[in-house]
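Modelling step: build the complete structure from the supplied sequences, incorporating the hints.
2 protein chains.
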Amino acid sequence: MASYVWDFTHGTKDQKDLLGGKGANLAEMTRLGLPVPPGFTVTTEACRAFLADGREPDGLEEEIDEHLCALEARIGRRLGDVADPLLLSVRSGAKFSMPGMMETVLDIGLNDQTVVGLATQSGDERFAADSYRRLLQMFGTTVLGIDGAAFSDRMDAAADLDADRLREVVADFKAIIRERTGSEFPQDPREQLRQAIRAVFASWNTPRAVLYRRHERIPEDLGTAVNVQVMVFGNRGPTSGSGVCFTRDPATGEPGVYGDYLQNAQGEDVVAGIRNTVSLADLADLDRASYDELLLAMSVLEHHYADMCDIEFTIEDGTLWMLQTRVGKRTPAAAVQIAADLVAEEQIDPDEALRRVTGTQLAALMFPQFAPDLTRRAVATGLNASPGAAVGRVVLDSATAVEWAERGEAVILVRKETTPEDLAGMMAARGILTARGGKTSHAAVVARGMGRTCVCGAESVTIDLPGRRLRLADGSEVAEGDVISIDGTTGEVFLGEVPVSEPALVRRLEGEVVDDRLADAALGLLDRADLVRRLEVRANADTPDDARRARRLGAGGIGLCRTEHMFLGERRGLVERLIVAEDDAEREIALARLEPLQRQDFAEILEAMDGLPVTIRLIDPPLHEFLPDLTDLAVRVALEDERHEEDEHDHELLAAVRRLHEQNPMLGLRGVRLGIVVPGLFDMQATAIAEATADRIEAGGDPRPEVMVPLVASAGELALVRTQLEQAVAAVATRRGLDLAIPIGTMIELPRAAVTADRIAGVADFFSFGTNDLTQTTWGFSRDDVEAEFFTAYRDRGILPVSPFESIDVDGVGSLVQQAVRLGRGVRPDLHLGVCGEHGGDPDSIHFFDRIGLDYVSCSPYRVPVARWEAARARLAVRSV
Amino acid sequence: MASYVWDFTHGTKDQKDLLGGKGANLAEMTRLGLPVPPGFTVTTEACRAFLADGREPDGLEEEIDEHLCALEARIGRRLGDVADPLLLSVRSGAKFSMPGMMETVLDIGLNDQTVVGLATQSGDERFAADSYRRLLQMFGTTVLGIDGAAFSDRMDAAADLDADRLREVVADFKAIIRERTGSEFPQDPREQLRQAIRAVFASWNTPRAVLYRRHERIPEDLGTAVNVQVMVFGNRGPTSGSGVCFTRDPATGEPGVYGDYLQNAQGEDVVAGIRNTVSLADLADLDRASYDELLLAMSVLEHHYADMCDIEFTIEDGTLWMLQTRVGKRTPAAAVQIAADLVAEEQIDPDEALRRVTGTQLAALMFPQFAPDLTRRAVATGLNASPGAAVGRVVLDSATAVEWAERGEAVILVRKETTPEDLAGMMAARGILTARGGKTSHAAVVARGMGRTCVCGAESVTIDLPGRRLRLADGSEVAEGDVISIDGTTGEVFLGEVPVSEPALVRRLEGEVVDDRLADAALGLLDRADLVRRLEVRANADTPDDARRARRLGAGGIGLCRTEHMFLGERRGLVERLIVAEDDAEREIALARLEPLQRQDFAEILEAMDGLPVTIRLIDPPLHEFLPDLTDLAVRVALEDERHEEDEHDHELLAAVRRLHEQNPMLGLRGVRLGIVVPGLFDMQATAIAEATADRIEAGGDPRPEVMVPLVASAGELALVRTQLEQAVAAVATRRGLDLAIPIGTMIELPRAAVTADRIAGVADFFSFGTNDLTQTTWGFSRDDVEAEFFTAYRDRGILPVSPFESIDVDGVGSLVQQAVRLGRGVRPDLHLGVCGEHGGDPDSIHFFDRIGLDYVSCSPYRVPVARWEAARARLAVRSV
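Which chain is which? The protein sequence lines are U and Z, in order.
All residue numbers for the first sequence refer to this note's numbering, where the first residue is 1 and numbers rise by one.
All residue numbers for the second sequence refer to this note's numbering, where the first residue is 1 and numbers rise by one.
Don't read these hints as lab results, they were simulated from the structure.
In this text, a Cβ means the ideal position worked out from N, Cα and C, and glycines have one as well.
For the chain Z half of the interface with chain U, some residues (derived, Cβ under 8 Å), not all of them:
#, residue
1, N664
2, A713
3, T778
4, G780
5, G798
Written out as structure tokens, the structure reads:
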């Protein structure tokens, strides 16, 4: 049987599973010869046995006794010795850091007798009494479960008490324990230790710990280790103190030590921030020897861990003790800078640097940000739907946004919620603020796609459209035209202009020459990522501007060009006419007017992506998005009638909208169904694509369009449409005298397409997984309707750790994607496979797509660098398994 | 190499694949020694080769020549012999009958010379000329593709022409052929034969044949055989004639011969109905010898085929010739009667009887029907949404329907479309007529579930609700209270009362004592079906009445008891209050009032199904079904405001409806999601079920409830809810001092549930496949919105043969069901599996569910006998493979 207790002299930093993070690092420092107060670790295995059986496992107590005896022998002091008592700290330490979640008890070993011995030994009665007070308070709350207020209320008025007063507090604390538990505080130090260890074990399952783990996606069944360690005291006068330090700046990553020190204090006093700390440099003046020793230890640790370390230390009467170390947390900027610097210093190789920095951290460097200012107060808060920082004048509708933007104003579009009708306004605006909607509402999705800053669901904001103003929760008002600032990274809304900065990294990626160390670091590693990754990275781009930007940001093509987005603005009327057309003639007029417009769009996009693939999705508009809202229109018509202002056009439109109204537009006449039911629509698009391709070829270009059919559920649909499309392309090829080979593929975005992918592969040149829609149909819910309320409830109850719209649901949606890959490649081993849902830019999802063998991911242009980065990390993760 | 040509003396009736139906049966009759004009069959294989290569396969012509020589030798006449010409018929004959779809050419062998020989031989110049005229006409249209009108126009004024006039017609017909094709009619009889055979081959691919096969689900690649046979003539004077006969009555199935005879006529004259036929009995007077010979042949055939046969014959100058036989088509009633009688006569065994009668045929016997009347004219026609016949007064809303029905009136509820609000009215009505909606609209689905007659989507009917009247296409009006009759089997609507009869079978199934031979036949076979079948059959039933009816109709339990249907009528207000509740107190009041009502419902249903399982589905209402329509309410509020009649309640309600409005209610807050988000709802239902169970136990009953959780997508949801439900049940068990073991299972109605069924099986006692919703999400469309327009377009284009809502989509939805079965049983081999979608009552789907190993199907009560029947047929189909 493995041992339940490990002395610090035995473990290593790689044993976090067994010893917890703190225990493993204490052992590592001990092995390195750094000054660590001696002690031992009770393993997570013991904790798991305790939690399973509700009691300490057999043999644990004996093992603890043995290690305690050895410790006493080594130190030369004994627990409970009234003359010179050994005092112990008992601290939890799980594999993953759970700050503040779990329990600590210090000064174990003090009782009514030993406190006298401590006073004598230390020559400091106040110190001894205060230590006893601390033990009673921590033991009372942590081990005995007494409400902390019972103790802190008594202490409130007791700052800077002298020894006598502290002895009164001790008596009172013992009385509190007696009253609240019906038992005396245990005077036996062994009993104190036993109960403290047990309390740490049990703290694994406190509700707040469970909730924290759920939130942080830490497994439930790990358990915590318990570190039992000889106490050292930073509160024994001016030659003592405690501090926290980092081997590099955790905010910027710049080399050079960094930290805080507090004289005559224990570690928890530093963290509590009750008194002002001094900087680490000041320690050099206070205690040069300890300072030098600490700097040496820091250097040893950073080289040993080959990473920036976060260290807690205490100086007891001029002697330095290392209490904890771990790889330090850091800002995204610091993460990138440190990783790149460590490569330059040859401490790690570039692949290790990529392993250490997530794509999410890289992404954080790319958003415009407000300068930090603690005094700034938000006037409203919503969901941080699309990160970044934006400043502009409030505009309340899309037309105004476009108009003001055209005359050079920066505007923030504020809407109750957005619809595709708002698209022009959203493009014109610097940022979008909505009063309704979740993180995957139309506003949020489109804003992220465009890289626009967006705060959505700011429910305290009321929009008074007739009065052209916003009303805030405090009753104040913001008129249209007033300047506001919105922070898409935090969800905050501010009045007036807050200064914004565009990160150097983005300016460099966009081709600007900027001298910036951080950008150098990021771009160096991004170059390495491109060498490592297997996945191609394409972009979702619907306009020539987006296409050009995507290319600058490193996209290897366009994976999704949504043609319905080209039908907005002034062309919307044509589409409305197409949809409500009652005969072929009306329809053909509308189609004939759309074709040259589409052709021009395609030619510009193909030019921007010359030599690279451009996957054009045929039109997929939910009908309702191109028609006026039924309820609004019905109310207008009713009021017109009531006022005897009958409007014939409105009446006709209402009849058409009622006729075309769908109960569930998401499940309605869309995609390939529309192409089959509306004659000529897909032909017109195929003709426009073919003509644009011919135009580009004649201009000497290298256009590489691919046509993608949306919402296919059966091979029969695709076969039918494919024949039509091929005929349309062939007709153009003949007319222009050119050889036009345009691959035709399909979206796999319905469960039926996934499970019949073998048949579909027989008529498709490529598949592109539309994981947004696939998630909706696989789960049977629409993200517009239920995501916000629903996932909050689900996450709180532990059913789902994360929305399947944010990160792909591997077990459900992922299983269907895998089936489709297997079935499709079974029929056609060279089938080209990609993904163009929002998951294409999500780190965890990218790893999944890499693992199952897709050829590319496609994401919004601003996510392209992140996807390149994560695609490399995915390869490295596979290699290291 | 197999032969392309088979003499009639060689084939058998089992070679329909190769010889086609007609050829195989001609061979069979020849082998039985019946008088069949000699001939041979060109195989379907030759046809397939012709269609593939566009020319006759090598060796075919030689084989035909050989068989022709043998035929000439046997008959002693030669093709093209000017003195005594052999004449041939060339008829298509595919494996499956395609009446009127394909081609026939008679009198091959006539030309300008042989027509003289025929006249001499027959001693009938007129007959010879008319035969030549017929050849020219048939050859011209069928082989040469000339518009038939070219010939028939010329003939129109030419009834009863004499020989000279007919010779003029012949000359004109030859001229028509010359003009239209630029060539002369081929005088060479071999060339005539070659072209005729080729034309029959090619007729397989005419557009109308393709469309017909698509509609009838006949495979495209079978091809047709061609039968070449010596001509016999029924038109050679009063001692000749042609007839059609059946060995039993094809309308009723009663024993006794049945048929029509036409003197001095060819077979096509009988079918064309130009002259009046006489009954078969009259033939006895005309030609006793032929009559006796025919009756003998009929008896031989029926015993040989062990089934009712359909026969075509010709008498040529007193000699009987059998031209065709096949197992005869029959009405559903005849199918049942004949099958049962053949069992009684020991011609077939009961399993064979079941094989021969489909559940759809049995179902047709169960609907009330209008007496046939050719003079009756429909005033409107819609979709035949739920079969049967209903007569009653028009009512235009649910409340009126209930009120009038309570005072004893028969009513037909007429609505633009129905919503769950109409449920009480639908139950009160004899039939439902809607102006909008497809075969799976709310009205159609609910009506079928209740067994109510329903015609839906009668778009020519306009409902003038304020005027309390209907307006018909012809401008006439029907006032509320006027009597109409609707035929759910044909979709027709009639003014006034049409007499209706309730079938004896249903009255017997319902327990009435009725003396009826057909009912005896059906019930006898149904008993057999119960012995044969493996699948249990349960019913979907939401009320005690439905439950009792289901039990009488043979249900072995309730597979789906929808609790949301219990929330309608007067309780609807309570549910509305529950949904719009803004705090726990309001919600708890609503729940507390619902609980005793539910308990009473459950107790009555459990009593009706004492000893049998009752699967109760927890509430699954799309929210919008319990709230007023947003658009209607918004218009009302706007008008109230405009008129300064502000209504505070309406304003509040509108706010709530807007808040709860979902873009896609089908994908909204439903099922288990609602149970998780609305505290107390599922607990209330579980408590009501447990209390009702306890009530029944204390009353000495044997209640067997099962609780089913709807719309589960992940094991986590079910695990959470299961714990809640178990606690609620346990609390009742403790309170009542009873042991309540209530199985808890789930619907599998989302793709995600299917692909994660292994995990879900870990927390489910049973699965019930909700194939309606599973079809919607797997395909990504809502049947309410797109089924009608969509499937019509899809069927016309050959993409789908049948709506996946009517018969399960085996490749897509079926594949997910199979995955779930495999995954679920992999974890839990004893997992009980059923299906409760509408597919549970569909014959093809039942076969599928039997094959993949489900334990039961559940369907509407009136479909239970059909499902029992088809479950047996499914077993027999498996055994015979």
